[in-house]
Amino acid sequence: MIKGYWIPVLHSHLPFIKHPKHENFLEEHWLFEAITECYIPLLKRLYLLESENVDFRLTVSITPPLAEMLDDAHLMNKYNNYLQKAIRLGYEEINRTKENEEYCNIAIFYKDFFEETKAFFETVLEGNVLNGYRHFYEKGSIEIITCGATHGFLPLLCVNETAVKVQIQLAVQAHKKHFNQHPRGIWLPECAYYKGLDKILNENNIEFFIADSHALIYANPTALNGAYSPVYTPEQVAVFGRDALSSKQVWSSKEGYPGDVNYRDFYRDIGYDLEFEYIKPYINPDGTRVFTGYKYHKITGESNHKEVYNPWVAALKTKEHAANFHFNREKQIAELCELMPRTPMIVSPYDAELFGHWWFEGPEFLYQMFKQMHENQVIKAITPVEYLRMYPNNQVVEPSASSWGDKGYYDVWLNQSNAWIYRHLHAMADTMSAYALKYKECEDNDYKRVLNQMVRELLLAQSSDWAFLMTTATATQYSVNRTKEHISNFNALKAMLDVSNLNFDILSQLEYKNSIFDFIDYKIFLGE
Amino acid sequence: MNLEIQQIVNKSLEVEHDFSSTSHAISTLTYESSQEVCEEFVIPSRYYTNTLTLLAVNTENYYVYWEITQAMLDSFGLDLALQALHFQVESKDSKVLFEFDSPFDLGEYFFTLDFEDNDICVKMGYLKENQFIEILQSNKIHTFSSRIKLPDLSTEVWLEKYKNYAKIIQSNLESMVYNESSSSFIKSLERLYYLNNVVEKRVSSTSLLGRKND
Chain A
0 MIKGYWIPVL HSHLPFIKHP KHENFLEEHW LFEAITECYI PLLKRLYLLE
50 SENVDFRLTV SITPPLAEML DDAHLMNKYN NYLQKAIRLG YEEINRTKEN
100 EEYCNIAIFY KDFFEETKAF FETVLEGNVL NGYRHFYEKG SIEIITCGAT
150 HGFLPLLCVN ETAVKVQIQL AVQAHKKHFN QHPRGIWLPE CAYYKGLDKI
200 LNENNIEFFI ADSHALIYAN PTALNGAYSP VYTPEQVAVF GRDALSSKQV
250 WSSKEGYPGD VNYRDFYRDI GYDLEFEYIK PYINPDGTRV FTGYKYHKIT
300 GESNHKEVYN PWVAALKTKE HAANFHFNRE KQIAELCELM PRTPMIVSPY
350 DAELFGHWWF EGPEFLYQMF KQMHENQVIK AITPVEYLRM YPNNQVVEPS
400 ASSWGDKGYY DVWLNQSNAW IYRHLHAMAD TMSAYALKYK ECEDNDYKRV
450 LNQMVRELLL AQSSDWAFLM TTATATQYSV NRTKEHISNF NALKAMLDVS
500 NLNFDILSQL EYKNSIFDFI DYKIFLGE
Chain B
0 MNLEIQQIVN KSLEVEHDFS STSHAISTLT YESSQEVCEE FVIPSRYYTN
50 TLTLLAVNTE NYYVYWEITQ AMLDSFGLDL ALQALHFQVE SKDSKVLFEF
100 DSPFDLGEYF FTLDFEDNDI CVKMGYLKEN QFIEILQSNK IHTFSSRIKL
150 PDLSTEVWLE KYKNYAKIIQ SNLESMVYNE SSSSFIKSLE RLYYLNNVVE
200 KRVSSTSLLG RKND
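Those protein sequence lines, which keep their order, are chains A and B. By numbering that gives the first Met the number 0, the letter at position 377 of the first sequence is numbered 376, and the numbering carries on one by one without gaps. By numbering that gives the first Met the number 0, the letter at position 165 of the second sequence is numbered 164, and the numbering carries on one by one without gaps.
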């Protein structure tokens, strides 16, 4: 008998990164690593569940920048090179470790892993990762939701309301382009909500979004079922609150599953461990050591001493952890059933990229979770829309402004390290509104190209990732430079219009490099 | 607030913030990143517009940035070398909550203010004979809330069955008239108005047709 519902949500996002002038650009590897270790391993297991007739439901946000990159021929060509290089390294590693059976078996494991990834990518996915997601979306086992067009932190952009409307409208358009359906839900970038945002979501026919639990608890009035059933905003958009307990169980650095001693150690990689001359062809051409994906050690413990990783033992561990997760949800649901007049739901949102990249065994854990639920028939995985169909009447509250960032508000995206960007983002949005009006009747296609590219540069500057990385002081230089690049490009394009002197070389370069949203129309900034 | 709801609320807040953006996926991906920046990009140092913008950081911290043009300063006969700009953070009812001065025509400022769940804005101006002369007003923002709003909301339990909802509120309102202060009464009236609006909108909405009660 089903006693409760589980709504797993994976937020898949990477900022739009494309550097056509460079044959090898380090930051583009973020995408390649995520495809190899996260998206494809997840899809492979979903296909496996399908073949085993295991009923599962998963809600996945695929942000527009990620979808655009996965659909980009230039980047996918580079991804193919990335895989070939990884396979070549596999053969070298088998040869290097042939005297040590323990290491050699792992080298074979990785070589097979990359070869199978390549085969799956080329055959099942036909060279496009989105095909895998589309398959399950069309079948109804995955609910794909959208996100802000470029993951802009909406509460800090809403000084110009049109900027927020554009983020949402373009997100819907991009979703339709990639998935041929109108998105029913949205993952608000960084789960960031502010009063009034629900009106824009409603205008775009978005039925639900995910928020952190304090958005509901500090709502006006407080959500009486806490985070365990949805609420409606005054504009009738459903809000699903994140369950902190199930999040903690998976991600806590102290108690979470990924810290198990048998799982693969994320940091130990031959890209850093082996002699420079040997590994040189497989790291960055400038000599910067990088992850190669060949990691021979397990977490082992807190000291620097690391034992050899055994992928088969680690896979067995995921089954144990899935059983533990299931047991704890069952217990949690039993407690909630005593308190609530309806069947509770538990919403567990996670960053998709952590399943597989940081926690290498994460996709296998998810696979085992769905198997557990299928076998036990006590908890059922469903989508937010399915829950709303079962329970259409919910409390109406005004959610509290919030985010899922550290401390729960906007600190991560607005502090001494990144506050400087907002003056520019707001000024650019105001300019875009003014220029959309000024050139409303424009018939000149070249002028339209410039205006459309201005929108792209603004959108790319708005990505919350840059502000985030400035705060965490990781990839700071790249983030600062990317923000400045888009501000600079925007103003250069504006100057072309102002003096009626279009530089087609620069325009073409920008169109090819920052090519996000080929369907864009600057008139979207009219805000009509 | 009954015990069950109190427990649910507590459970929802358990280990709140334990998972946060500190373990954001991109942090692990950016473990490796280019050390060298290939190009330097020039960005505007100012936009030659009159701007005053207020942003909320958290429940007690706020950020304001501004730019004022020479033409605007001239129109007020202001020379910043002689007189600083004066900034006032004001509540909806124009109560001054915080003040600071700046001699710069372009600047930014972080300030602390404990004033939850209210509308605030910033005004830029100058002091003339102890009188504040306003030049610019910022956008209004609604400050964060970090409080559970339990008082007088016991009726919310019935929101699940909204067809009965208006009637329940009405009966509570009648008892309040005799038992509570006038400010509470006005607040309750506002709530009733807000919630009735919501109910009316929902009833009239075609998108909700066909939905059944739990």
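The hints are simulated quantities; they were obtained by calculation from the structure and are not laboratory data. Note that the structure is a prediction, hence the values are computed from the model and not measured. Just so you know, not all the hints are guaranteed correct.
Straight-line distance between alpha carbons at most 25 Å, and here's what the computed DSS-like set of lysine-lysine pairs gives [as the list claims (entries may be wrong)]:
no.	chain 1	residue 1	chain 2	residue 2
1	B	Lys94	A	Lys406
2	A	Lys117	B	Lys139
3	A	Lys164	A	Lys447
4	A	Lys117	A	Lys279
5	A	Lys253	A	Lys305
6	A	Lys2	B	Lys148
7	A	Lys194	B	Lys127
8	B	Lys139	A	Lys406
Sample of chain A residues facing chain B (criterion: CB under 10 Å; computed from the structure) [to be verified]:
no.	residue
9	Ala118
10	Phe119
11	Val123
12	Asn179
13	Thr221
14	Ala322
15	His325
16	Ser401
17	Arg422
18	Asp443
19	Tyr446
20	Lys483
21	Ile486
22	Asn490
With beta-carbon atoms standing in for the labels, derived distance ranges [to be verified]:
no.	chain 1	residue 1	chain 2	residue 2	range
23	B	Ser44	A	Gln476	44 to 50 Å
24	B	Ala83	A	Asn179	33 to 39 Å
25	B	Met71	A	Asn444	36 to 42 Å
We put the beta carbon where it would ideally sit given N, CA and C, even for glycine.
Against the structure, the hints:
The suggested pairing of Lys94(B) with Lys406(A) is violated, with an alpha-carbon distance near 29 Å, which exceeds 25 Å. This hinted pair does not check out: Lys117(A) and Lys139(B) have alpha carbons roughly 53 Å apart, beyond 25 Å. For the suggested pair Lys164(A) and Lys447(A), the alpha carbons sit about 21 Å apart, so the restraint of at most 25 Å is met. A distance of roughly 23 Å separates the Cα atoms of Lys117(A) and Lys279(A); the hinted pair therefore holds under the 25 Å criterion.
Of the supplied pair hints, the one linking Lys253(A) and Lys305(A) holds, its CA atoms being roughly 18 Å apart against a limit of 25 Å. Between Lys2(A) and Lys148(B), the direct Cα distance comes to roughly 30 Å. Violation of the 25 Å bound is thereby established for this hinted pair. Distance check on the hinted pair: Lys194(A) and Lys127(B) sit about 37 Å apart at the alpha-carbon level, beyond 25 Å; violated. A hinted pair counts as satisfied when its Cα atoms are at most 25 Å apart, and Lys139(B) with Lys406(A) qualifies at roughly 23 Å.
Here the hint on Ala118(A) is broken, as its CB sits about 25 Å from the closest CB of chain B, past 10 Å. For Phe119(A), the interface hint is violated, since its Cβ never comes within 10 Å of a Cβ in chain B; the closest pair sits about 22 Å apart. Interface restraint check for Val123(A): the shortest CB-CB distance to chain B comes to about 24 Å, outside 10 Å, so the restraint is violated. Because the beta carbon of Asn179(A) sits about 23 Å from the nearest beta carbon in chain B, more than 10 Å, this interface hint is broken.
Among the interface hints, the one on Thr221(A) holds; its C-beta lies about 5 Å from the nearest C-beta in chain B, closer than the 10 Å criterion. Of the supplied interface hints, the one on Ala322(A) is violated, with its beta-carbon coming no nearer than about 22 Å to a beta-carbon of chain B, more than 10 Å. Hint on His325(A) is violated. Least Cβ distance to chain B is approximately 19 Å, over the 10 Å limit. With a cut of 10 Å, the hint placing Ser401(A) at the interface with chain B holds, because the nearest CB-to-CB distance is about 8 Å.
Below 10 Å, beta-carbon pairs count as interface contacts, and Arg422(A) has one with chain B at about 5 Å; its hint therefore holds. This hint is violated: Asp443(A) has a C-beta 26 Å from the nearest C-beta of chain B, more than the 10 Å allowed. With a least beta-carbon distance of about 22 Å to chain B, the hint placing Tyr446(A) at the interface is violated under the 10 Å criterion. The beta carbon of Lys483(A) comes within 4 Å of a beta carbon in chain B, closer than 10 Å, and the hint placing it at the interface holds.
Because the beta carbon of Ile486(A) sits about 4 Å from the nearest beta carbon in chain B, less than 10 Å, this interface hint is met. At a threshold of 10 Å, the smallest CB-CB gap from Asn490(A) to chain B is about 6 Å, leaving the interface hint in force. About 20 Å separates the C-beta atoms of Ser44(B) and Gln476(A), a value inconsistent with the hinted range of 44 to 50 Å. At roughly 59 Å, the beta carbons of Ala83(B) and Asn179(A) sit outside the given window of 33 to 39 Å.
The beta-carbon spacing between Met71(B) and Asn444(A), approximately 39 Å, falls within the hinted interval of 36 to 42 Å.
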